[in-house]
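All chains should be built: construct the whole structure from the sequences, respecting the hints.
Protein chains in written order, with this note's numbering: chain A, 1 to 275; chain B, 1 to 269; chain C, 1 to 273.
Quick caveat, the hints were computed from the structure, so don't treat them as lab data.
None of the values given here were measured: they were computed from a predicted structure.
Worth double-checking, as some hints may not be accurate.
Claimed, not checked - Quick look at which bits of chain C chain A covers, simulated, 3 or more residues with Cβ under 8 Å: (1) 87 to 93; (2) 114 to 127; (3) 149 to 157.
Claimed, not checked - Straight-line C-alpha distance at most 16 Å; calculated EDC-like pairs for lysine to aspartate or glutamate: (4) B:LYS203 x B:ASP229; (5) C:LYS269 x B:GLU261; (6) B:LYS203 x C:GLU240; (7) B:LYS203 x B:ASP185; (8) C:LYS269 x B:ASP260.
For each residue, glycine too, the CB sits at the ideal point set by N, CA and C.
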Amino acid sequence: MAGSDHLSELHVTGRDVPAFVGRPGPSAFHRLNPLTKATLATVTAVAAVVLGGLIGPAILVAVAVIGPAIAAGVLGRLVRTALLLSLPIAISAFLVNLFFLPGAETVLLRIGPITATAEGLAFALEILARIVAISGAVTLFYLTTRPSDLVVDLERRGVSPRVAFVASASVQTVPAMVERAGQITAAQRARGLDTEGSVWRRVRGILPIVGPVILGSIAEVEERTMALEARGFTRPGRRTLLWAPSDSTAQGLMRRGLLLGLLALIVLRITGVWP
Amino acid sequence: MSLELAGVGYRYAGAGQPSLLDIDLELPEATVVGLAGASESGKTTLCLVASGLAPRTVGGRIRGTIRLDGEDVDAWPMHRLAERIGIGFQNPATQLSQVADTVFEEVAFGPMNVGLPRDEVIQRTWDALDALRIADLAERDPRRLSGGQQQLVATAGLLAMRPTHLVLDEPTAQLDPAGTRLVADAIARLAAAGASILVAEQKTDLLAEVASRVVVLDAGRIVRDGPADEVLADPALPELGVAPPSAVRLRRAASAAGIDEAVLGTLDG
Amino acid sequence: MADIAVEGLAHVYREGSVRALDGVDLRIVAGERVALIGQNGSGKTTLVRHFNGLLRPTEGRVTVDGGDAGSLTVAHLASRVGLVFQDPDRQIFSGAVRSEVEFGPRNLGRRGAELAAAVTAALDATGLSGEERTNPYDLGQSRRKLLALASVLAMRTPVLVLDEPTTGQDARGVERVRAVVASATAEGRTVIAISHDMRFVAETFERVVVMRAGRVVLDGTPTEAFAEANREVLRSTFLEPPLSATVGHRLGLGSTPTDASLLDGLRAKLAGG
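In structure tokens:
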């Protein structure tokens, strides 16, 4: 039957599959199975929230984010991207807690009617550490995993190709939408839409931009759907895979270990055994 | 293997009137049929209906019969039709799957979807790339190619399904002259190799070059169907909203000015 | 009425070190009809986006109507230079044709009778008079393109820039565009169009500027641009002259970029013996 050999030896690029298909990543960390990297990211993010204090998350960031980032050679990009992702939230969370923590008393600094407190600072730093850990973990995964690696791996494990596709394609939509929004903004500015004036003007300017972004995206989705269906996308069942990311028993054990560790951590925290 | 539309009509969901009426069209083997007509005359709708996307994916109501090699395809699901009739669209970028990092994987997408054995997927992919002379693009990222190249990749993706018919809806509409030339040459080569193609185009010069037969639509009906040279030289074309090919136009202008057409010589435009 | 002067213009997009424009000098006088041709990536779009301030020069200077385009806001320049984008769906946002066309002139401060007149005239010129309350997405693709054109026409700017106005248009649509260009220049407006349609270019414009790799490689009348001597230059940018020019060359009639000039050439030759 069609597709009978699509499960065999997928981790080895066969003689006939061109060598450039399923290129392995540039570092050992890149070459880890996507599920392993996803587990690491998730466990790191959740553990950062669960752990108390400042030291815990800081160590977590060092070991589970910075360390692997250095090994994978993506530290620079990681810092830039994670900052971009988290800066707005980080700044507002930090400031809110620094100045407005309820019940805080030890005054550090007064600026007019608002006061920065020592307790506020401590809490703000803790929040900051968590935000850094979460955005760092997610960014690390994003920078070292190609969407196609993840999709193919999920499919190999039995996820429907259509579901896997939606997951991957959704991520890809974001840059396309951003680019589209940029073009639409340019077209509307060319018709005199003022994006450099007062705040009120700029708010009024949102509809002429958001409208075409959404309508256009919808129209594009229709076109894409037709093109996919024209290539047999809706056929039920699994599809043939040309390659798949490798996995190993060791990694399987590592994933289980990480998850169990996280579970243990949660239990310890809930029962109050560990501060 | 011929594709026949008999008495076909089609109305989009929620539309006040039908977009296609009384369409009788036969698309035989090894023929390139050009489809011309003013904007909104129904060219795209006819392409969607011929490929089965209408009504299956697009919705709406169809009447009449569509037969592939004598068999009524009304009950066929889309993925089964996709293996027989490939359809390409104007916009090169939206036809890319977005999940392929290389042109090779992009072209292999269709065969992979239908679950063919791996060897066959690979064979068909190389065959399709060769047919369009883009094997040298196999390693490239499809998203970074020019519009014309992307159209060729999209067409290769269709060919890899080994369809009996190709339907191309204004493949050069969004391309620059270099891209248009690439696609026109590719269609000519496919035709020479015996492909059955229905190609809708505003560029009648292109149709003059590659089509042996031309069908003209007007308000959803077929108003002309005959050999390409005859139909493209029909004096009623401008009224029907179709610009005649440059060669035809020049000859007509010459004789209208009282100059013997023969003076122009052979116009291979 | 506005002149445009481009001096030593270079532009580098932030992402890379590709010089999208590599030293362009150009002067367009008020009322001229100029066609800008070249392959995708030759810099045509980059160039025209400097005229209304969407892009700022990396080097060099662009002067529009006496003002430095590099330092004026886009909102201000929009009153001098109306730019119609290629894809109408990246612009249309209103639920009705009339309000879509009103958007541009409203932004420029037009109201009341003046606004109504501008909108009505623009709708007439593009053949959309009966469709004022129609939803733009109920118009076909090619009429939406005409709608995008109408919405910029209504702004009554002294300079009109059209990006690929005939792409995706059928024969009637092309005629409409041609008529719009003619009436705009009759009013003294400058019209600049980017186009791939060589026949449209030869028949509608008095000046052809050919770009390649960020530079101007040819600048002259259609007769000059499509002359036999320049065939290689055109070919290097993968452009072919219109059929009438090719036939004219073959028959030894000199440069005949339009049907009319070809016929004139033929008559002259036949009369001459």
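Here is how each hint holds up against the structure:
Residue count for the segment 87 to 93 of chain C with a Cβ under 8 Å from a Cβ of chain A: 6. That meets the three needed, and the coverage hint holds. Under a criterion of three residues with beta carbons nearer than 8 Å to beta carbons of chain A, the stated coverage of the segment 114 to 127 of chain C fails, only 0 such residues being counted. Only when three residues or more bring their CB closer than 8 Å to a CB of chain A does the claim for the segment 149 to 157 of chain C stand; here the count is 3, and the claim holds. With a C-alpha separation of about 15 Å, the suggested pair LYS203 (chain B) and ASP229 (chain B) falls inside the 16 Å cut-off, and the hint holds.
Between LYS269 (chain C) and GLU261 (chain B) the alpha-carbon distance is near 14 Å, which keeps this suggested pair within the 16 Å criterion. Distance check on the hinted pair: LYS203 (chain B) and GLU240 (chain C) sit about 15 Å apart at the alpha-carbon level, within 16 Å; holds. Annotation: proposed proximity of LYS203 (chain B) to ASP185 (chain B) holds, straight-line Cα distance about 14 Å (limit 16 Å). Annotation: proposed proximity of LYS269 (chain C) to ASP260 (chain B) holds, straight-line Cα distance about 13 Å (limit 16 Å).
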